[in-house]
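J.: Residue numbers (this note's numbering), protein chains in the order written: chain A, 1 to 252; chain B, 1 to 480.
Worth flagging that the hints you see were computed from the coordinates, not collected in a lab. The reader is advised that the hints may include incorrect statements.
What the hints assert, rightly or not - Taking beta-carbon pairs under 10 Å as the criterion, some of the chain A residues facing chain B (in silico):
hint, residue
1, Ser48
2, Arg50
3, Gln54
4, Ala76
5, Pro87
6, Lys129
7, Gln130
8, Tyr210
9, Asp214
Beta carbons are placed, not taken as given, at the ideal position from N, Cα and C, and that holds for glycine.
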Amino acid sequence: MLEIKDLHASVAGQDILKGLNLSVKAGEVHAIMGPNGSGKSTLTNVLSGRDGYQITGGQALLDGHDVSELDPEQRAHAGMFLAFQYPVEIPGVSNLEFLKASLEATRKAQGKEPWDAVTLLKKARETCKQVDLDPQFLKRGVNEGFSGGEKKRNEIMQMLLLEPRLALLDETDSGLDIDALQVVARGVNSLRSPDRAIVLVTHYQRLLDYIVPDHVHVLAGGRILKSGGKELALELEQKGYGWLTDQEDAPA
Amino acid sequence: MTSQAELDKLIRGDYAAGFISAIESDTLPPGLNEDVIRFISAKKGEPAWLLDWRLEAYKKWLSMPLPTWAHLDHPPLDFDEVSYYSAPKSMADRPQSLDEVDPELLRTYEKLGIPLHEQEMLAGVAVDAVFDSVSVGTTFKAKLLEAGVIFCSISEAVHEYPDLIKPYLGSVVPQGDNFYAALNSAVFSDGSFVYIPKGVRCPMELSTYFRINEAKTGQFERTLIVADEGSYVSYLEGCTAPMRDENQLHAAVVELVALPGAQIKYSTVQNWYPGDENGKGGIYNFVTKRGVAHDNAKISWTQVETGSAITWKYPSVILRGDNAVGEFYSVALTRHMQQADTGTKMIHLGKNTTSTIISKGISAGRSSNTYRGLVRISPRAENARNFTQCDSLLLGDTCGAHTFPYIESRNPSAMIEHEATTSKVSDDQLFLCRNRGIDPEKAVSMIVNGFCKEVFKELPMEFAVEAGKLLEVSLEGAVG
Chain A
1 MLEIKDLHAS VAGQDILKGL NLSVKAGEVH AIMGPNGSGK STLTNVLSGR
51 DGYQITGGQA LLDGHDVSEL DPEQRAHAGM FLAFQYPVEI PGVSNLEFLK
101 ASLEATRKAQ GKEPWDAVTL LKKARETCKQ VDLDPQFLKR GVNEGFSGGE
151 KKRNEIMQML LLEPRLALLD ETDSGLDIDA LQVVARGVNS LRSPDRAIVL
201 VTHYQRLLDY IVPDHVHVLA GGRILKSGGK ELALELEQKG YGWLTDQEDA
251 PA
Chain B
1 MTSQAELDKL IRGDYAAGFI SAIESDTLPP GLNEDVIRFI SAKKGEPAWL
51 LDWRLEAYKK WLSMPLPTWA HLDHPPLDFD EVSYYSAPKS MADRPQSLDE
101 VDPELLRTYE KLGIPLHEQE MLAGVAVDAV FDSVSVGTTF KAKLLEAGVI
151 FCSISEAVHE YPDLIKPYLG SVVPQGDNFY AALNSAVFSD GSFVYIPKGV
201 RCPMELSTYF RINEAKTGQF ERTLIVADEG SYVSYLEGCT APMRDENQLH
251 AAVVELVALP GAQIKYSTVQ NWYPGDENGK GGIYNFVTKR GVAHDNAKIS
301 WTQVETGSAI TWKYPSVILR GDNAVGEFYS VALTRHMQQA DTGTKMIHLG
351 KNTTSTIISK GISAGRSSNT YRGLVRISPR AENARNFTQC DSLLLGDTCG
401 AHTFPYIESR NPSAMIEHEA TTSKVSDDQL FLCRNRGIDP EKAVSMIVNG
451 FCKEVFKELP MEFAVEAGKL LEVSLEGAVG
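Build the full structure now, drawing on both the sequences and the hints.
T.: Pasting the structure below:
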């Protein structure tokens, strides 16, 4: 589904990704871990097409198509979703209105039947409950005045409604208490299916207790240094990153 | 670009390609003098008192300098280049079908979802029988009559209801109030008159839209609304579709009188031609709008301004009576080279008077958007309260937003609050929307609509939806 080959990327003229390779197949859950400044967030931002993130070499293929040829909204239509580390507020635009615009555009582009207002409201309410958000949140401005945990659950709620084929979660666990973490994990797990893939970016092993990955990768210095199964995460928890990055000449 | 004629030529060349015909007969040569005013008055068969009133206004106008205090920049206007009387265009002089109308204009109509026959009307196409609006208009008038509501053109009212016109015309905006109001008083063409009798709640929203076919009021429009004691009226002015208009200078006057316990809600959507992206052409809109609220009366102005090259407009409320309420809700969007200097004045004279000002300015392109407001608390206005909120949203980095709030409080019991913010549509907001599959244009219009929500919710329902759509159309190409 996602094929990243020798990807180089820069932000503000600074090279961050330096030859990253990663292959994600449908049905798989990948966790990307690594020290601060290793390029984890750059990876998700480059993949979803954020302004200012330049691919300088190599490529990232989504279902065989070079993502750099797609606008951010086209990537969304192709089934890619990014759950933000710091979801931004859009004052005055209600969550429901935002969902409507998002689902209308996405479902149309995907050739799916549009949802009428009643269906949308019903599904949105159900999904709110699923992530433990009061459906009253649908009436509030997008993330407006939400707590950190509410913002993250709001992201997961949107993700569940959009049913992406490739979900990228950028440190969704940061700033969550243990209850909220479980709610978020439940939401993500409910998305797991043989035709979908999930890429989790995280600092901590903790999230992986709830969302058990098929593969764990260590990203440092803009490259995948080591890949393994879920047990790699446990090893990292114990040993830290030092033993891996020390082998590098110039750790990030 | 110095003369009116040259400017006119520019507008015509660019916007109205193909549908402006040569000058008709029965149009006065350009220029203003007493004979012109006598001619206008005679054409309308006006009584002597009104002619005298006009001449008085003219004399005042002659002695007044052109106001230059606004944050506006435009070539000097030559008032001798304007023709002050133009008979309604004959059918033969109008475009004969939509094929002759600027396709750009039609595209906008389409986007706003305006039915074909209405498009014809707005574009000034010659159609004799005006579709269903005739019947709509008739049932509408019958219903109003039943309630005792008078809604007609001001020329008609001068003849039919002189006792209502005489005491109120110029009572809120006197002839010599300001340069443009004086000019309007001297040469006003036509406009609307509304009277709501005591205790009557007007059974429907009154809209100039219903009168559009007869409302060829030209550039010096004058409107007078009198709401008698304890009555209520909601009046909608304008139309979300851009109006085809060949006049460059507009100087309108609107006067509202809310007698004790009355409520007037006045909503405007103004979408005249704003000029092109290089600032060529467009309407110069110099409007004086003011209301007087007596004891326990309430006047509420809501405006959505997206059109005109220049907007100079300060819908105001004189809170004359005790417990009177004044409100001003405004969205002003400028793009290309548009300039808007708009706001309100709340003059607190009565005790326990309250006023609310919510102003949302959106600037794009190389435009300039200014809020100018005055809150004045007079010495005898005990316990007056004002809340003002001015928010500016910038799209891009070549536009400007300015806020000039004036506060004059001469009573220590007054409570005045002022909040102001300036923000930009952030890249993060845009990216969030795009990541959720929403294209950037839709995203910007959604964000801007959210920004304006507090004002839109004051608009009558249908208008609010249209206003949202209008912003969307107006913002096209503002991103990127």
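J.: If you test the structure against every hint from before, which numbers come out violated?
T.: Per hint list: 3, 6, 7, 8, 9 violated.
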